[in-house]
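Chemist: Sequence:
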Amino acid sequence: MKPLETLFTISDNNSLMRKYKGKSKTRKFCLCLQSIFPILDWGRYYTIRNLRGDFIAGLTTASLCIPQDIAYAKLANLDPHHALYASFVTPLVYAAMGSSRDIAIGPAAVVSLLLGAMLSHDIRDHKSHEYLRLAFTATFFAGVTQLALGVLRLGFLIDFLSHAAIVGFMSGAAIIISLQQLRGLLGIPHFTKKTDIISGIGSVKNAIVHHEWNLETIIIGTSCLIFLLITKYIGKKHKKLFWVAAIAPMTCVIVSTICVYITRADEKGVSTINHIKGGLNSVSANEIFFRGKYVVRGFRIGAVAGIVALTEAVSIGRTFAAMKHYTLDGNKEMVAMGTMNIVGSLTSCFVATGSFSRSAVNNMAGCETAASNIVLSIVVLLVLTLFTPVFKYTPNAVLSSIIIAATTNLVNINAVIMIWKIDKFDFMACMGAFFGVIFMNLEYALIIAVSISFVKIVFRVTWPKVVVLGKIPGTSIYRNIEQYPKAFQITAMLILRVDSAIYFTNCNFVKDRILRWLRYENEERAECELAEIQYVVVDMSAVSDIDSSGISSFERLYHSLEKLHVQLVLANVGKIVMEKLQESKLTELIGRDKIFLSVAGAVITYGPKREEL
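Here the sequence shown stands for residues 1 to 613, numbered as in UniProt numbering.
Keep in mind that the hints were calculated from the coordinates and are not lab data.
Quick reminder that beta carbons are idealized off the backbone N, C-alpha and C, glycines included.
One or more hints might be untrue.
[What the hints assert, rightly or not] Calculated pairs, DSS-like style, for lysine-lysine (alpha carbon to alpha carbon, straight line, at most 25 Å):
id, residue 1, residue 2
1, LYS594, LYS575
2, LYS465, LYS486
3, LYS324, LYS239
4, LYS421, LYS465
5, LYS465, LYS424
6, LYS127, LYS193
7, LYS127, LYS277
8, LYS205, LYS268
9, LYS194, LYS127
10, LYS240, LYS293
11, LYS465, LYS575
12, LYS580, LYS465
13, LYS277, LYS392
14, LYS194, LYS293
15, LYS563, LYS585
16, LYS194, LYS205
17, LYS127, LYS392
18, LYS293, LYS127
19, LYS236, LYS324
20, LYS563, LYS594
21, LYS293, LYS277
22, LYS392, LYS268
23, LYS585, LYS575
24, LYS28, LYS332
25, LYS456, LYS421
26, LYS324, LYS237
27, LYS193, LYS293
28, LYS424, LYS456
29, LYS324, LYS232
30, LYS465, LYS332
31, LYS205, LYS193
32, LYS23, LYS332
33, LYS237, LYS25
[Stated by the list, open to error] Label-pair distances were calculated between CB atoms; the ranges are:
id, residue 1, residue 2, range
34, PHE29, PHE290, 30 to 36 Å
35, ALA542, ARG291, 49 to 55 Å
36, ASP547, ARG291, 52 to 58 Å
Let's have the full structure, built from the sequences with the hints guiding it.
Modeler: Given below as C-alpha cells:
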C-alpha cells in the first residue's frame, strides 16, 4: 500500500497515483484538500434544497440533543456545560471532515458511562480539578487513538469487537445506566458509585427501607418517563410522526422546569440542575496531563473510550449509508472522529461520537449532508450564550427519565435471539460482554468480549473444517455430502475440501484430519466390500494462503499416503498458493500431472472409467 493512501481515499477502480497523474501542482493540492476535508467537495454542489433539509434536521436534532447532553454529562460525572461544549465544537469539525451524511455528533450514553466509570476508578472525587483534567486527557488520547487507527489504516482492529459483543455490551450498559438513573428518578440522596448491578440494587433497596426517596421527584420523573416512552412508541409506529419523539425530551424539560418554578418544588426536596455555565468554551490545552502519573491512566482510559466510540459511530454510519446507498469511508471516519476529539479536548469537551438516537432523528428529519451538524452546533451555541439560566429549575428526575428512555433502544432482544440461532460462539461473546457489564464493570466486559472473539478466531483457524465431497447426480459439481445427501462418492477416490488457509497453527491438524478421513473411509468401504481408496483429492478452492509449515505438512502427508499406496491429488489451487507450491518444489514432488483446475478434471483423469461423470 502506498503511504499516501493512508490519508487519501479514492475509487476502488483507480490507484491513488492515477488520480493525481497529469494534474498540475495546484490541482493536486486541491484534490488533497478535498480528500482531507470532504466539505470542499460536496460543498461545491450545495443547493437551497440541501440547506432546507439540513436546517430542519439540525433544528430537530438539537431539540433532542440539548436535554440529552445535559443528562449524559451526569453519566460522565461532569458539569453539563462540558457536554454542551462537545455538541458545539465537535459537530463543526466532523461536518468538515466526516464522510457520513447522517451521523449527528455529540456525547453518547454508553461512552459517557464508560468514561465516567473509568475516571472514577482513578479519581473518586468528581468535583476535584484533577478529575476534570483527567477527563480532558482521556478525551485527547481517545482522539489520538482514533486518528492513529485511521491514518495507519488499522480500522480492522475495531472488528475484534464483533457485532455480537457490541449487542451484549450495549444491552448490559443500558441496564446499568437505567439502574443508576433510579437515583435521580426516585430522589435518592445516597447512591453507590460502582457500576455493577448488585451494588445498584443494594442502593435502591437501602433507600426504600430507610425511606430515602422523594414523592414529588417520583411523580415528576415517572410522568416524564411514561410520556417519553409513549412518544417514542408513536414515533416508531408512525414514521411521519418521528418529530413527536424528537421534541418530547425538550418538552419535558420546559414543562417540568415551569412546574418546579411555579410550585417551588425545589424547596420540597426536588433536586434541580441549579446552574449551567454559559458562554463559549474556554481553552483547556494547558489542563491536559502530558507528564506525571495520570498520563498513562489518561491514555488507557482514552484508548478504550475511543475504540468504543469509534465502533458505535462506524456501525451507525454504515447502517445509514446502506439505507441511502452511498459509501462510507471507514478510515476517513476514524480520522474525522480522532481530529474532532483532539480539538474537543483542547476546548473543554469530553469524548463525543455518533449517537444512534440523534442520528436516527437526523436521518428521519431529512438531512441531506453533514451540514446538519453545523446547524446543530449553531443552535447549541445560542443555548450556551443565551438560555443556560433557564435550566436552573430543571429537575434532575427529568434528566434521568430522558436517559432511561434513550437507552431502551440499546437493548436488542431480537438480535440476541438471532445470534443464538446463527452462532453459539458469537452468543458466548454476547453473553460474556453482557454479564461482564452487569456483574463487573465496562472495562472488564470489553476484555471478556474481545477475549472470547479472539478465542473464536483461534478456534476457527486452528481447527478448520475438512469435509468430504461427493458428486451431485447429473452434474460435474462436487459438494459436501452432509449438506447434499444425494451427492455420491467416487469409487476408489476420497475427495476432501479444506475450508481455511493453511498455516503453522493448523497444518498438522489438517494433515491428521485427512489421514483420519482416509482410515475411516477405508473401514467403511471394506465393510461394504467396496474398493479401497487409491487417490486422495484435496480441493484447495477455500485455501487462500499457505505458509512454509503448511507446505512441510503437505510433504509429510504425501509421504504418509505413499506408504499406504495412495496418491495425493490437488485441485482448484489458487494463484498465491500455486506460486508457493512451485517455489517450494512441492509441485515436482507431487507431480504436475496430479494438480488440476477442478475436482471434475481430477476425477475424469483418475476415476474409474465406468463411473458416470
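Chemist: Compare the distance between the alpha carbons of LYS240 and LYS293 with 25 Å, and conclude whether the hinted pair is satisfied.
Modeler: violated (53 Å)
Chemist: Between the beta carbons of ALA542 and ARG291, is the distance compatible with 49 to 55 Å?
Modeler: holds (52 Å)
Chemist: Are LYS194 and LYS205 close enough, with their CA atoms no more than 25 Å apart?
Modeler: holds (15 Å)
Chemist: Under the criterion that the straight-line Cα-Cα distance not exceed 25 Å, is the pair LYS465, LYS575 satisfied?
Modeler: holds (22 Å)
Chemist: Tell me if the straight-line CA distance from LYS237 to LYS25 falls inside 25 Å.
Modeler: Violated - the C-alpha atoms of LYS25 and LYS237 are around 54 Å apart, more than 25 Å.
Chemist: Could you grab the alpha-carbon distance between LYS127 and LYS277 and see if it respects the 25 Å cut-off?
Modeler: Roughly 15 Å separates the two Cα atoms, so the pair holds.
Chemist: When you check the alpha-carbon spacing of LYS594 and LYS575, does it fall within 25 Å?
Modeler: OK: LYS594 and LYS575 at ~17 Å, within 25 Å.
Chemist: If you draw a straight line from the CA of LYS465 to the CA of LYS332, is it 25 Å or shorter?
Modeler: With a Cα-Cα distance of about 37 Å, the restraint between LYS465 and LYS332 is violated, given a limit of 25 Å.
Chemist: Does LYS193 sit within 25 Å of LYS127, going by the straight-line distance between their CA atoms?
Modeler: It holds: about 14 Å lies between the C-alpha atoms, which stays within 25 Å.
Chemist: For the pair supplied as a hint, LYS563 and LYS585, is the alpha-carbon distance within the 25 Å limit?
Modeler: holds (20 Å)
Chemist: Within a Cα-Cα threshold of 25 Å, do LYS324 and LYS239 meet the stated pairing?
Modeler: holds (16 Å)
Chemist: Could you tell me whether the CB distance from PHE29 to PHE290 stays inside 30 to 36 Å?
Modeler: holds (33 Å)
The structure is inconsistent with the numbered hints 10, 21, 30, 33 and 36, although it conforms to all the rest.
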